[in-house]
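Novice: Guided by the hints, dock chain B onto chain A, whose structure is given.
Protein chains in written order, with the UniProt record's numbering: chain A, 1 to 392; chain B, 1 to 392.
Honestly, the hints are just simulated from the structure, not real lab data. Mixed in with the good hints there might be a few duds.
A pair holds if it fits inside one copy or across any two, identical chains being indistinguishable in the list.
[Said to hold, decoys possible] Derived pair list, reagent style EDC-like, types lysine to aspartate or glutamate, alpha-carbon separation capped at 20 Å:
#1 Lys8 / Asp262
#2 Lys143 / Glu4
#3 Lys163 / Asp121
#4 Lys200 / Asp262
Protein chains: 2
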Amino acid sequence: MFSEKVVKSLEKSSWIRAMFEEGAKLARKYGPENVYDFSLGNPFAEPPKEVLDSLKKHVTSGERGTHKYMNNAGYENVREKIAKSLQKESKVELSASNVIMTVGAAGGLNVVLKAILNPDDEVIVFAPYFVEYNFYVDNHGGKTVIVPSDTSNFEPDLKAFEKSITPKTKAVIINNPNNPTGVIYSKEKLVEMAKIIEKKEAEQGDIYVISDQPYSKIVYDGAVVPSILSIFKNSFVVNSFSKSLGLAGERIGYVAASSRIDGIETLMNALTFCNRTLGFVNAPALFQKVIYDALDAQVDIEDYKLKRDMLYENLKRLGFECVKPQGAFYLFPKALMEDDVEFVKRAINHNILLVPGSGFGCPGYFRISYCVELDMIERSIAAFERLAAEFK
Amino acid sequence: MFSEKVVKSLEKSSWIRAMFEEGAKLARKYGPENVYDFSLGNPFAEPPKEVLDSLKKHVTSGERGTHKYMNNAGYENVREKIAKSLQKESKVELSASNVIMTVGAAGGLNVVLKAILNPDDEVIVFAPYFVEYNFYVDNHGGKTVIVPSDTSNFEPDLKAFEKSITPKTKAVIINNPNNPTGVIYSKEKLVEMAKIIEKKEAEQGDIYVISDQPYSKIVYDGAVVPSILSIFKNSFVVNSFSKSLGLAGERIGYVAASSRIDGIETLMNALTFCNRTLGFVNAPALFQKVIYDALDAQVDIEDYKLKRDMLYENLKRLGFECVKPQGAFYLFPKALMEDDVEFVKRAINHNILLVPGSGFGCPGYFRISYCVELDMIERSIAAFERLAAEFK
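Just chain A, same shape as in the assembly:
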């Protein structure tokens, strides 16, 4: 009656949603203060002062036309500013013509995939991965190919990657820093990946690297996210200000395509066309202006770091194996039993809500999101202790 494919997807209801419902149930039963919900990735940090000041300025300016349509690619001055910022970081020459403003990174990914995919083209992702990629690729007639990571450091397994490339491979999505592991792929690993891609491209045509990097400013310990545009010739940066500026609900992001891509002019027209015809039309106008004013600002990273450290250190103390992440706001420890889904159910008995690694294509692990109040983390430690004790 409705779309069969969509209805079938609904039946496999997502883990994160299941946890959300479980959380509401537990909160009713035990009181919200006794439930430790680490299942959601709703950025905790409020927008920085630069964002709030810019909003006030534009909302009180009385300027005509602030809320009207603009070019489907977005305001030129905003795109130019982003281009120059990326150029500085990558040393790849970029201008406004290489950037389109999008409805967040999720919108940007859909725009890129629609613009490049032909029927049954394959898109490689590295597990554990953000499972929404499956839907984005499928929306535009592509097929997702999942390649494992090296679980000792959660960097891509490049041998498996090379084997997974076929003549239908059109793109590779990397998510750096990664959701759910928080790991930043190293420059060395990405350079090695680029060599594999270039070798294959010589045989079969261009393969596009799409870097989904909404967490690129949520990094700790002086870590730096390597510049995708400088490493991969045929690359896109897809970004959003959801995390870096605390604007997740406002749906503002961008796509930047490397000027080194063959046919870049056609490609930019294709991206603009897809932004329009997928129904985004343009990125929200007011928040484009805010990005112009606050591009270099960022949310309070120290607060996230404090939370990471508290959880990471306590989990290690309790015997969990976990790669210490240098970015994003997730931990991805190994479950204390093989069956991660069963482990997550055992955690629910202690009022702890987690997401099983299976939900990210990586069974045996679980995700903790620390976009939460510090005192909830503090209160949760005793519950984690009781959970761990079960497996001693």
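Specialist: What follows is chain B alone, placed relative to chain A:
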């Protein structure tokens, strides 16, 4: 290399865009004050006071969480308020659970089409029509079927409509008031259409009526847009605040599905899922709050009416045939020669930019958008006089 389908669509570059480029060229040559650009539908009116006050309130409130994610369907209080407003108008019982907030009407249409279409399902539209519908339907694997209107009043030709229904017909899009004619389909015509649909549904299953009505508040002379939800059992209202509140660039709208649709609960889950996975994720947060505060407000309609009257009366005086529109901000007069594309080129010689009816699936006519300054209309009259004189 890129998506072949997208690249092919780019080659058929749109009329509106071609006019935009022509306009820029003419403005450079003759000065912008000597070019009469009626080609764009960028709403002219500024947001009303209620919108600006609400924006100021939320931006200065200091309330935490204003810009965070919410449920993919949108804030419940906003959805409830819209539901009750539609219930009042339609007498169909509706609640928040029947409404999802969307990235404008274009986003809403994509969400609905993805949620209901199976491969090769057919979607009927009435020419002249907003040609973006072709792309929206194609995005989700459907096929657009074009049914002509009665050009004496630009209401749907229901005999042709009935003949066009096949076992693959899944939906009908009506755009009321219509872009490009400005005509409001009458209640009588829609009731007659509903009877045809119900007869066919008894044979072949549900057919959904999707009412795309961003111009529903841009109406003149006391006209009322008939309530789709009260006339069609299986119906959706897709709306945006682009025109009614002057917020085109902010991408805020909604989808309301009739509670009378069989399987409505699954359908609403499907819509929410599609809103998420198409990459919209949620409608922009701040503007959802603004809609809550300003739902019943509207832009200055009298200003649009003044412009409609000035253009309509002058064009009639010059011998143009034109149905007097009661809504939207377009006129759709008959060209003074059979070939509308050639006629539009002749108009360019007088620095008048129009869009040929062929661009809306209705050759022999042209569209004038009066989202422009009044004094440009005044200055243009002499140019229209010279144009009309060529055909005397």
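Novice: Give a verdict on every hint.
Specialist: Status of each hint after checking the structure:
no.: 1; hint: Lys8 / Asp262; verdict: between (39 Å within a copy, 17 Å between copies)
no.: 2; hint: Lys143 / Glu4; verdict: both (18 Å within a copy, 17 Å between copies)
no.: 3; hint: Lys163 / Asp121; verdict: within (16 Å within a copy, 38 Å between copies)
no.: 4; hint: Lys200 / Asp262; verdict: within (16 Å within a copy, 51 Å between copies)
Of the numbered hints listed earlier, not one is contradicted by the structure.
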